[in-house]
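Peer 1: Spelled out from the first residue to the last, the chains are:
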Amino acid sequence: MTDAKKKELQRIACKVRLGIIEGVYHAKSGHPGGSLSIADLLTYLYFAKMRIEPQNPKWEDRDRLVLSKGHCAPGLYSVLAQRGYFPEKELQSLRHIGAMLQGHPDMKHIPGVDMSSGSLGQGISAACGMALSGKLSHKDYRVYAILGDGEIEEGQVWEAAMFAGNKGLDNLVAIVDSNGLQIDGTVAEVNSPEPIPDKFAAFGFAVLTLDGHSFDEIERAFDEAEKISGKPVAIVMKTVKGKGVSFMENQVSWHGAAPNKEQYEQAVAELNAALAEIEGGR
Amino acid sequence: MADMIKKATRESYGEALVELAEQYPDFVVLDADLAAATKTGLFKKAYPERFFDCGIAEANMMGIAAGIATTGRRVFASSFAMFAAGRAFEIVRNSIGYPHLHVIIGATHAGISVGEDGATHQCCEDIALMRVIPGMTVINPADDVEAKAAVKAALELDGPVYLRFGRLACPVFNDKSTYRFETGKGITLADGGDLTIIATGLMVYEALKAAEMLKKDGICARVINIHTIKPLDTQLILKAAYETGLIVTAEEHSIIGGLGSAVSEAVCEDYPVPVVKIGVNDVFGHSGPAADLLKEFGLSADNIYTRAKAAFAKKK
Ligand SMILES: Cc1ncc(C[n+]2csc(CCOP(=O)(O)OP(=O)(O)O)c2C)c(N)n1
Chain A
1 MTDAKKKELQ RIACKVRLGI IEGVYHAKSG HPGGSLSIAD LLTYLYFAKM RIEPQNPKWE
61 DRDRLVLSKG HCAPGLYSVL AQRGYFPEKE LQSLRHIGAM LQGHPDMKHI PGVDMSSGSL
121 GQGISAACGM ALSGKLSHKD YRVYAILGDG EIEEGQVWEA AMFAGNKGLD NLVAIVDSNG
181 LQIDGTVAEV NSPEPIPDKF AAFGFAVLTL DGHSFDEIER AFDEAEKISG KPVAIVMKTV
241 KGKGVSFMEN QVSWHGAAPN KEQYEQAVAE LNAALAEIEG GR
Chain B
283 MADMIKKATR ESYGEALVEL AEQYPDFVVL DADLAAATKT GLFKKAYPER FFDCGIAEAN
343 MMGIAAGIAT TGRRVFASSF AMFAAGRAFE IVRNSIGYPH LHVIIGATHA GISVGEDGAT
403 HQCCEDIALM RVIPGMTVIN PADDVEAKAA VKAALELDGP VYLRFGRLAC PVFNDKSTYR
463 FETGKGITLA DGGDLTIIAT GLMVYEALKA AEMLKKDGIC ARVINIHTIK PLDTQLILKA
523 AYETGLIVTA EEHSIIGGLG SAVSEAVCED YPVPVVKIGV NDVFGHSGPA ADLLKEFGLS
583 ADNIYTRAKA AFAKKK
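If you read the sequences in order, they're chains A and B.
Using our numbering, count along the first sequence one by one with no gaps and you end on 282.
Using our numbering, count along the second sequence one by one with no gaps and you end on 598.
Don't take each hint at face value.
[Stated by the list, open to error] If you anchor each label on the Cβ, the simulated ranges turn out as follows:
| hint | chain 1 | residue 1 | chain 2 | residue 2 | range |
| --- | --- | --- | --- | --- | --- |
| 1 | B | M286 | A | K28 | 23 to 31 Å |
| 2 | B | P513 | A | G185 | 38 to 46 Å |
| 3 | B | D574 | A | E88 | 32 to 40 Å |
| 4 | A | H109 | B | A592 | 31 to 39 Å |
| 5 | A | K28 | B | D457 | 31 to 39 Å |
| 6 | B | N563 | A | K261 | 37 to 45 Å |
| 7 | B | A592 | A | I97 | 25 to 33 Å |
[Said to hold, decoys possible] Derived lysine-lysine pairs resembling BS3-like cross-links, with alpha carbons at most 25 Å apart:
| hint | chain 1 | residue 1 | chain 2 | residue 2 |
| --- | --- | --- | --- | --- |
| 8 | B | K434 | B | K327 |
| 9 | B | K289 | A | K28 |
| 10 | A | K28 | B | K577 |
| 11 | A | K28 | B | K288 |
[Stated by the list, open to error] Here are a few chain B residues that face chain A, going by a calculated C-beta distance under 7 Å:
| hint | residue |
| --- | --- |
| 12 | D315 |
| 13 | D335 |
| 14 | I338 |
| 15 | P381 |
| 16 | E398 |
Just so you know, the hints here were simulated from the structure itself, not pulled from any lab data.
Computed from a predicted structure; not experimentally measured.
Just so you know, even glycine gets a beta-carbon here, dropped at the ideal spot from N, CA and C.
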């Protein structure tokens with residue numbers, strides 16, 4: 001990846017993170033931790049990888065993204081706003097009564113949301129269905145599903161994995177956000193799904209592992225994923241929950257909590273400083 | 283009614299587990315990565331060796347609970363109502379209901395008052411789902427006092443029990459010193475001959491307020507708290523139908539399949555009277571503050587009052 005492209009993605013990712021903080025702060029609830037950990041991934045997919053037309057969100061040949069870990073809606077909404085699916089100021093009414101932006105992704109009302117989700121473990125199945133249907137109609141769109149490392153404790157995830165492997169859905173990429181935390185503690189304490197790469201490999205996936213905060217590594221993996229044929233791809237990315245906001249990083253308590261005014265201001269200040277540094281060095 | 287202490291019944295659930303732990307040393311508690319929210323976390327802290335986190339795997343958790351129950355050990359299995367009754371329904375039906383195992387399902391975050399999480403988490407179908415399972419006891423406590431009593435009662439019951447708790451802090455209107463819980467027995471909270479309001483869960487307090495409003499208009503409403511939706515106190519309900527000729531039901535649940543349906547089924551057979559059902563009207567919820575949502579969906583004293591008054595006018 002060129003330096004210029006990387007800087008641009010880093011700049012956008014900062015704005016996506018700011019949108020996440022903006023959303024959960026005004027909602028007084030929501031899930032910042034797991035949204036921040038996928039901010040770089042979402043930025044890459046929506047700005048550098050996916051074949052999409054924000055002005056035509058239901059375009060039938062578009063690539064699809066299913067946020068299987070639907071509680072990270074603030075991350076998805078923020079990147080969709082950055083990409084122009086709807087105005088950024090919608091983020092401030094996240095979770096408000098009568099607002100478009102529901103607590104969990106709602107495909108009926110939100111442009112750019114390809115599948116409703118929120119009950120963990122279900123999105124990956126829908127992604128398999130989209131991939132299968134694409135094959136049946138000889139379309140070349142690709143389907144990306146983002147899962148949590150806690151979420152994959154759901155048996156349904158492995159039923160879907162078995163299906164994807166068995167049907168050879170090479171137009172499907174399942175991404176596991178391996179931030180190591182869920183609600184009741186670390187995934188290791190609660191009910192560890194490790195070793196995650198081995199499990200997906202055993203279900204017939206080509207598996208790639210990477211640092212989910214390195215755009216170089218992200219690009220390399222997604223480019224490679226495109227070349228794999230005959231089997232679905234699992235990308236297991238190591239991330240930091242709460243990434244980008246110092247006091248949220250690696251803290252289980254920031255899974256589903258909103259910052260107060262002081263914390264909000266600190267988070268915004270940190271992200272703005274990061275943004276200024278990126279823009280200064282351009 | 284003066285300002286009362288408010289408490290969420292999920293809080294009562296967690297506290298009751300701790301309070302009952304020594305008296306019932308055999309029971310264990312399962313959760314599915316929601317201990318902080320269901321409040322089984324209180325028990326986990328006090329009795330870590332009797333708490334098992336099953337991870338985000340509700341269906342499996344119910345199967346594990348079933349297995350534990352076959353050995354004669356009492357077991358609580360907890361998650362949000364959506365996942366306990368919804369996600370795991372068929373396992374609850376076949377592995378817990380069919381063998382009639384004594385598993386106590388502690389389901390929290392029931393109903394629309396889940397609030398900001400929105401439709402995917404607002405379970406307004408659980409009473410219906412659990413009620414159709416043969417042999418399942420379904421209890422929906424109205425406040426802290428009743429919730430704690432229900433947890434204790436559940437430990438003494440046979441077969442599967444579904445306990446329904448809420449996220450929202452609600453007025454504690456029952457008096458702990460005089461309150462008595464009897465599974466399957468409704469509680470008449472106010473007497474009246476003009477109509478009967480039958481309510482469950484957080485709607486009971488709203489029903490009491492509505493009865494006071496009706497009184498000002500000269501309408502005397504009976505108020506019955508049905509904490510046990512199954513087995514239903516059919517006798518008490520039929521008596522109310524016979525003596526007042528009009529029933530208004532109120533529940534934080536779909537009007538399809540819940541308390542309103544259960545009451546209708548009961549009166550239809552033996553003494554049909556009009557039943558006005560107040561609940562969620564066959565729609566999904568959405569995000570918003572719990573209090574605003576309750577108002578919007580008509581789960582309020584005001585709406586009970588309006589609907590009851592209109593129905594009473596038609597009766598005359
Ligand atoms: C079926 C289901 N069970 C429980 C929940 C409640 N819940 C929401 S987020 C979460 C933890 C998710 O952890 P993980 O997948 O690791 O997400 P991340 O850490 O990336 O936010 C749980 C248990 C849910 N949404 N769906």
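Peer 1: Using 7 Å as the Cβ threshold, decide whether B/E398 counts as touching chain A.
Peer 2: holds, 4 Å
Peer 1: Holds or violated: B/I338 as interface residue toward chain A, Cβ cutoff 7 Å?
Peer 2: holds, 4 Å
Peer 1: Return holds or violated for the Cβ distance of A/K28 and B/D457 against the range 31 to 39 Å.
Peer 2: holds, 34 Å
Peer 1: So does B/N563 sit 37 to 45 Å from A/K261, Cβ to Cβ?
Peer 2: The hinted range 37 to 45 Å holds for B/N563 and A/K261, with Cβ atoms some 38 Å apart.
Peer 1: A range of 32 to 40 Å was offered for this pair. Does it hold for the Cβ distance of B/D574 and A/E88?
Peer 2: Check failed, 25 Å falls outside 32 to 40 Å.
Peer 1: Please check whether B/M286 and A/K28 have a Cβ separation lying inside 23 to 31 Å.
Peer 2: holds, 25 Å
Peer 1: Interface hint check: B/P381, Cβ to nearest Cβ on chain A, cutoff 7 Å. Holds or violated?
Peer 2: violated, 21 Å
Peer 1: Lying within 25 to 33 Å: is that true of the beta-carbon distance B/A592 to A/I97?
Peer 2: holds, 26 Å
Peer 1: Against the range 31 to 39 Å, how does the distance between the Cβ atoms of A/H109 and B/A592 compare: consistent or not?
Peer 2: For A/H109 and B/A592 the Cβ distance comes to about 33 Å; the hint holds.
Peer 1: Below or equal to 25 Å on CA atoms is what counts here, so check B/K434 against B/K327.
Peer 2: holds, 20 Å
Peer 1: Identify whether the interface hint at B/D335 stands, where standing means a beta carbon of chain A within less than 7 Å of its own.
Peer 2: Holds. Min distance 5 Å.
Peer 1: Starting from the range 38 to 46 Å, see whether the pair B/P513 and A/G185 falls in it by beta-carbon distance.
Peer 2: Once the Cβ atoms are compared, 39 Å apart, the range 38 to 46 Å for A/G185 and B/P513 holds.
The structure fails hints 3 and 15 (numbered hints given earlier, in ascending order).
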